[in-house]
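*Asks:* Residues per chain, in single letters:
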Amino acid sequence: MVVECKRRPEIGYFDPTSITYDSCPEWQPTEYGHLLRGMRVMILGMDGYLGWPLALKLGKLGAEVHGIDNFLRRRLVDERGAQSALPIQSMQDRISHAKEHLDVDIDFREMDLMNREQLFAYIKEIQPEAIVQFAEIPSAPYSMADVDKAIHTIENNVVGTLGLLFGMRDHAPDASLIKLGTMGEYGSPLTGRPLFEGLFPGDATLQYQGQEWSLGGELTPRDPVSFYHVSKVQGTYSVYEACKYWWLRSYDVMQGVIYGTHTPELDMDPSLNTRLDIDEWWGTVVNRFVAQAAVGIPMTIYGSGNQMRGYINLKDAMQCIVRLIAKPPEPGQYDVVNQVTDVFSVRHIAETVARIGKREFELDPMIQRLENPRVEAEEHPYEVMHDKLKEQFGFGSDSNLEDEIRHMFQAVLEPTAKQRIEEKRETLFPRTRWSGEHKEMEVLETIRPAA
Amino acid sequence: MQISDTNFDTEVAAHPGIVLVDFWASWCPPCKMMAPMVERLARECQDQAKIVTVNIDQNPATASRFLIASVPTFVVFQNGQEVLRRSGAQTEGQLLRMLKFSKAERQAA
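So the sequences go chain by chain: A and B. Numbering follows the working numbering, in which position 79 of the first sequence is assigned residue number 79; successive positions increment by one, without gaps. Numbering follows the working numbering, in which position 18 of the second sequence is assigned residue number 18; successive positions increment by one, without gaps.
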């Protein structure tokens, strides 16, 4: 089998299996594996919590970074009456600061994923070698708040992704797609069936009425827990189909609950801060608990707090995404990774935040158990398979829950951040029920955790 | 063992006895998931049968010669002649039955 080099067509046809990374001048070794020199990466949603740190990291590694955002997240957080606990700069200013502090160049276009004419033109112009799809509305409670928000979530996420796939087919069919999915796609099966990485292993079988069939390679069952999670499941099917029909290549990243505010690139200067949302709709649980403890609001656990989820911190998540970008899938290959480092119960997180807040920051953190506004199992087994990133991509975790909590406390206890949280105190308390009822959440129990 | 267009005849067609050929492709999730099992069976069954793989994109001549329309497709050859084929992921029991061995027979051997 021979192929033409897409970057250097002048060298003619060659057998790609005969060349190593080290012998090909188009690849450079980095701490995350070999990366294409000046790899053209396009980040959709570059202004976001994940998109911005990723842009900086890739830029630092020598990739050619392009991206879009329509600033929807800033608008939606604002509409909610909330704000990022850490002050963040405008995109224009961020880009100058990135140049100043990290010496990275970033090509940004203000653009809406749903504007296909513009998006397709941009893809055609840049010819990205990897596209990272972060341009989705990531909030479960937002998607459950009312019909308009549910539809908004589905339209943006599902239709947006679908359009992107056509754009890739027509203008950049060789690009790899890093699609952000979520562990919430799988749900939490009460049977205790382990959560495989998207596809059943080769020796998984189905037995029925004395017969047996292999399930090897089939998509594992999905059991989403909000209309946002439904949108991710739908996205998975769109991507899976596109890889089948059009020989696109994609990693579907089932990411655990993300937390933390800290990467080596962001640390270079506060002007590079990524957003830290902590309100009921846009904040994730670890970040929310740290913010609540910092301003003396009890940490709000839903129901028993025994709900188990997979978690990963920002620093580790960025390493994983870069590794996935550096080692693309084969043409036509759809593959899935469970991007998780730990499994915790919500209660464990609250107790850990309380312990660190009390012992190291002289806070008096409280925990409040509330009526659960969600429809979910509170007592359930939860086993996540998450070896692929380690075994196939060389991922090694760089941090842990306690260090990230510590780091976040330091950040949010700074006067500016603390005041920003205080100003929007009321947005920290949940009020969105899955049922749609508008009723105050009842407090079941208030606990002062033991030291 | 990976077989190609160039050595298919010597390694499979000319081989006396049983050969199981796993026709696969890199873009096929069941094919990728089955690879570890096929590899293991190739080792475990080597006294009774030869188990080899053919990547259909890298070896289009062999793929079209055997009219491979979907992957994975497992074809059993006996003395160079095709005797059986099945498509889709297979359980270990199904593959061994294709080779006419039961698990018990293989373990006793």
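These aren't lab readings, by the way, just hints derived from the structure by calculation. Computed from a predicted structure; not experimentally measured. By construction, the Cβ of each residue, glycine as well, lies at the ideal position given by its N, Cα and C atoms. Take these hints with a grain of salt, some might be off.
Said to hold, decoys possible - Dumping the calculated DMTMM-like pairs for lysine to aspartate or glutamate here, alpha-carbon to alpha-carbon at most 25 angstroms:
no.: 1; chain 1: A; residue 1: K327; chain 2: B; residue 2: D57
no.: 2; chain 1: B; residue 1: K32; chain 2: A; residue 2: D267
no.: 3; chain 1: A; residue 1: K388; chain 2: A; residue 2: E330
Said to hold, decoys possible - Quick look at which bits of chain B chain A covers, simulated, 3 or more residues with Cβ under 8 angstroms:
no.: 4; segment: 22 to 36
no.: 5; segment: 45 to 54
As the list claims (entries may be wrong) - One-sided excerpt, in silico: chain A residues whose CB lies under 8 angstroms from chain B:
no.: 6; residue: T220
no.: 7; residue: P221
no.: 8; residue: D223
no.: 9; residue: P224
no.: 10; residue: P328
*Asks:* Give a verdict on every hint.
*Replies:* Status of the hints after comparison with the structure:
1. A:K327 - B:D57: holds, 20 angstroms
2. B:K32 - A:D267: violated, 40 angstroms
3. A:K388 - A:E330: Holds: K388 (chain A) and E330 (chain A) sit about 16 angstroms apart, inside 25 angstroms.
4. 22 to 36: holds (count 12)
5. 45 to 54: violated (count 0)
6. T220: Violated - the Cβ of T220 (chain A) stays beyond 8 angstroms from chain B, reaching only about 11 angstroms at its closest.
7. P221: violated, 15 angstroms
8. D223: With Cβ-Cβ at 20 angstroms, over 8 angstroms, it is violated.
9. P224: Where the cut-off is 8 angstroms and the nearest Cβ of chain B is about 21 angstroms from P224 (chain A), the hint is violated.
10. P328: violated, 12 angstroms
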